[in-house]
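Chains as they are written, first to last, in the working numbering: chain S, 1 to 596; chain C, 1 to 596.
Take these hints with a grain of salt, some might be off.
With a straight-line Cα cutoff of 27 Å, these simulated DSS-like cross-link-like pairs (lysine-lysine) come out [unchecked claim]:
| id | chain 1 | residue 1 | chain 2 | residue 2 |
| --- | --- | --- | --- | --- |
| 1 | S | 432 | S | 317 |
| 2 | C | 144 | S | 144 |
| 3 | C | 581 | S | 581 |
| 4 | S | 414 | S | 400 |
| 5 | C | 285 | C | 307 |
| 6 | S | 349 | S | 400 |
Now the stretches of chain S that chain C is said to cover, found in silico as 3 or more residues with beta-carbon under 8 Å [said to hold, decoys possible]:
| id | segment |
| --- | --- |
| 7 | 49–56 |
| 8 | 201–211 |
| 9 | 253–267 |
| 10 | 394–407 |
| 11 | 529–538 |
Just so you know, these hints were derived from the structure itself, not from any lab. C-beta: ideal position from N, C-alpha, C; glycine also.
2 protein chains.
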Amino acid sequence: MRTCYTGEVCKDHLDQTVTLFGWVHRRRDHGGVIFIDLRDRAGLAQVVVDPDNVEAFATAERIRNEFCVRITGLVRLRPEGTNNAELASGEVEILCREIEILNASVTPPFQLDDDNLSETTRLTHRVLDLRRPAMQYNLMLRYKVTMAVRRYLDSLGFIDIETPMLTKSTPEGARDYLVPSRVNAGQFFALPQSPQLFKQMLMVSGFDRYYQITKCFRDEDLRADRQPEFTQIDCETSFLNEEEIRGIFEGMVRHVFSEVQQVALPETFPTMTWGEAMQRYGSDKPDLRVKLEFTDVADLMKDVDFKVFSAPANDPKSRVVALRIPGGGSMPRSEIDAYTKFVGIYGAKGLAYIKVNDAAAIPEGLQSPIVKNIHVDALKALIERTGAQSGDLIFFGADKIRVVNDAIGALRVKIGHSEFGREHGLFEASWKPLWVIDFPMFEYDEEEGRYFAAHHPFTSPKDGHEDYLASDPSRALAKAYDLVLNGWEIGGGSVRIHRADVQSKVFSALNIGEEEAREKFGFLLDALQYGAPPHGGVAFGLDRLVTMMTGAESIRDVIAFPKTQRAQCLLTQAPSAVDEKQLRELHIRLRAAEAK
Amino acid sequence: MRTCYTGEVCKDHLDQTVTLFGWVHRRRDHGGVIFIDLRDRAGLAQVVVDPDNVEAFATAERIRNEFCVRITGLVRLRPEGTNNAELASGEVEILCREIEILNASVTPPFQLDDDNLSETTRLTHRVLDLRRPAMQYNLMLRYKVTMAVRRYLDSLGFIDIETPMLTKSTPEGARDYLVPSRVNAGQFFALPQSPQLFKQMLMVSGFDRYYQITKCFRDEDLRADRQPEFTQIDCETSFLNEEEIRGIFEGMVRHVFSEVQQVALPETFPTMTWGEAMQRYGSDKPDLRVKLEFTDVADLMKDVDFKVFSAPANDPKSRVVALRIPGGGSMPRSEIDAYTKFVGIYGAKGLAYIKVNDAAAIPEGLQSPIVKNIHVDALKALIERTGAQSGDLIFFGADKIRVVNDAIGALRVKIGHSEFGREHGLFEASWKPLWVIDFPMFEYDEEEGRYFAAHHPFTSPKDGHEDYLASDPSRALAKAYDLVLNGWEIGGGSVRIHRADVQSKVFSALNIGEEEAREKFGFLLDALQYGAPPHGGVAFGLDRLVTMMTGAESIRDVIAFPKTQRAQCLLTQAPSAVDEKQLRELHIRLRAAEAK
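For reference, chain S alone in the conformation it holds in the complex (with noise of 0.2 Å):
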């Protein structure tokens, strides 16, 4: 067995003979003298390979990158001058005694600390991919994140209880993945895009407390930061509101950060309503990192001569937006230009500006094409709401109410991380959680024209607020709250409906009408009249927040073996065509097929 980990060896273990596994990382002769460095999960250590010892020195010229090794050796100090601080082990330095081959590689396809490999080649050699010490910190840390939530929950008496993974199709919200069954033809199970049910039937049968670890599926088009399967922590628990809830999981993320990374988060989780959100961001996942904020000016535009921007504040769904840009008056016309061609990605059609050239002198000291067709009562209004002083930038949003919020948020964002934005101290580096509270039961679908839940239909309207269900749903707030973190939601929850008078109002509001309702929720509807006790809990995306953790770019480097863009696995080159005998099993045919 081994004394430790390779990465361990230090001086504790001075003149101690030591037996390590690992990996040849790198072989390079040296004055006759074979230098190894060997890896392992903990790290490197420096192997000496003396031409005295015949037999090992031998062996030694053998070995090739990569090769999976036993070594026994004698720790001792590095020559003067010699040691390496990058490394735990770096002031010491193993003389081997003996070297054992227990697996030869062949050259593998890519150098491990080659940084400029392609995504495809990375997952089809997903194997040695993983060897890459970032690869195994990033999975490392995950591990420590899961127990830390374990150990934090467990002490709180809160019980891990698995749900099923075959379960029922509804589809209601995303796509499912659906499973044929064999025994009962033409029927099929649907893997869980939450617990979300089943959690809550677990709360009605008084288990109190729950948690999850678990994985969950949405067949959706894939964005950069989207799996097929995903791994949520999911928890619920019983008699507790909305306050209390909050403060157990913002003490687990609390707990978690501490644990794992020895970040000390706030105290206190500040909570933000999502209309105030919305009014000072445009976004419900603002980064607090980027000290900018929108100042609403419709009220000050609606007279102006400038259609861009008295239309929009005319019209009841549109908005009109300052961002004030502190020292933005010496951002380079280059730079603003590519801001333009940016919120256009959001569907802005263009972006007004003004530079504050001197914040006294009105409208003189303003430049932009724009100033000439508002008249100065305005500017001078705006000039004040905005707090702008000379040598500042202002932009402007002025559109439908989503098109203002996405483009003017996403172009606060940019500006806050861009190179600009962190000279002119528009941006403080550090973790800044939200608890944003207070969001709108429901969102209005122009298309379609009709309600859908804007958390899920579980989700328990505020006190008072039960009345608007029927009469007008969009005044409906919910008891819904989200964690973000630097502008990641991170998790997401609600207090739920725990009465099926008030479940079935939210159906009806929702256009579920009550057979639809007992088709596809009758198992819900039925737990609730059973003295459900009032439950709520929250959901948190572990691979998002090990991904913001490790500084990962992409959920892809936290998950060990993850799937393409396409939904497919490189590695196992998964999903493939099956056996004809396979489907005839299934009660199913391929579509395909058939057109040959």
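Knowing the structure of chain S, use the given hints to seat chain C on it.
Just chain C now, kept in the frame of chain S:
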């Protein structure tokens, strides 16, 4: 918030005002006072509602079974003589000050303490069924087992790494559950039967020690102790030999029993070769609580005038064994008849036996229709070899090896567990773990005329057995091991093949051609080329382990939402029909629909 769980109220709370949340387990009126047995996941407590408290009393009068309530009251001693020793809270009661109905309940379809419910009723109303204290206990214990496992493995440096649920179909082994791909028309994912190949690849990637408590899937016809989805404690480690691996995992089982149930399992688990287990018990998972063993007697019966014995005695594919039942001479005829019928289930054509009335007088002291056909020398040798004493009974099995093993193996267990067996000291109530080792590499399938892997095709042959792979596969033994506990296989594993050339030889022995091997397992063969470390592991069936520990009757009693034997969820009505649109998106069509 609650003061504590209802079931935890005790003398420590005397004279304190407590707030409890829970369900009304029972309400009774007695002498003008209302008694409520309040229940939560921790147990029951008695609440007394006095008519003096007009408001609370009025509320209590409206309360019915399974209402969900909040109760605030004063903890006091129960009146003398009314203590309930069965409850942790049995010395105290709560004098109700306030009671709030959090949610009413319609009348449940059954009493929670009704122990005679059909499984259909229980699974249809699973939400209520899970409120039963036994089910709460089972799932709580299941959680404690997983947490004890995690803590133990964590302390040894094992890390939990998630492997994919959407993976590749490799139709070797059981039938796969398939998932049609929408993006890749005509292709399918398979749900994993186990993470076997992924965990091996993680070893090749250098993670050194892996575990996962994860769902696995097999689309097989369901027996009593099978589920379409089941949970495995899946582990793998590098650089350890077979004994070291077994040492780690018997330590895990010891830790779990000690932590969760304060049961001390043996310091070292005994090992027995597969060959010895089959010889002595006719089973590779012998229940060592049963004090009965096979005695092989074929050599004695080769020349007897009793075809039933002499024919199999002279056939190398058959077996003749005696099973001595100490004290069995007193076994009533009806019981022997029942056993004769019982062995028929396993294909035995009858059940010969001899009553040993006087072991010193042979043949007169032996009572049996078959004695006259067996010569005295054979009878004498039989009595001597079995060690039979006066008053014993000897059963015989004489048939093809498999029939004898199955029939007499089952008979051995049946008698051991019977009232007779318990009364005659043939059964020792205790935990009897056993490692069964040295399994054969292959099993020959007469029907298909080829070898199959006894464990799986990635199992390493024992040292020195590599040459048998080509020359005589039936002789090759494997570095495979099963952990057996009281006759149940709770875990199994092996040292894996870490060299590509050995893996190829095993594929050859299994008649898997080079091309087929590449197509199905190319990624594994590739991985083995890059300095794969020696590695091995084990997988435990969590459902079965917890079933044993709880003493539950079925694994369905330790799973929150199990499937029936027709692979259906009676609660949610899964599987179910899906929309034509969903099928079209998945490029499949129902066969049944075409036939119409």
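Taking the hints in turn, this is what the structure says about them:
no. : hint            : in the structure
1   : S:432 <-> S:317 : violated, 31 Å
2   : C:144 <-> S:144 : holds, 20 Å
3   : C:581 <-> S:581 : holds, 25 Å
4   : S:414 <-> S:400 : holds, 21 Å
5   : C:285 <-> C:307 : violated, 31 Å
6   : S:349 <-> S:400 : holds, 11 Å
7   : 49–56           : violated (count 0)
8   : 201–211         : holds (count 7)
9   : 253–267         : violated (count 0)
10  : 394–407         : violated (count 0)
11  : 529–538         : holds (count 6)
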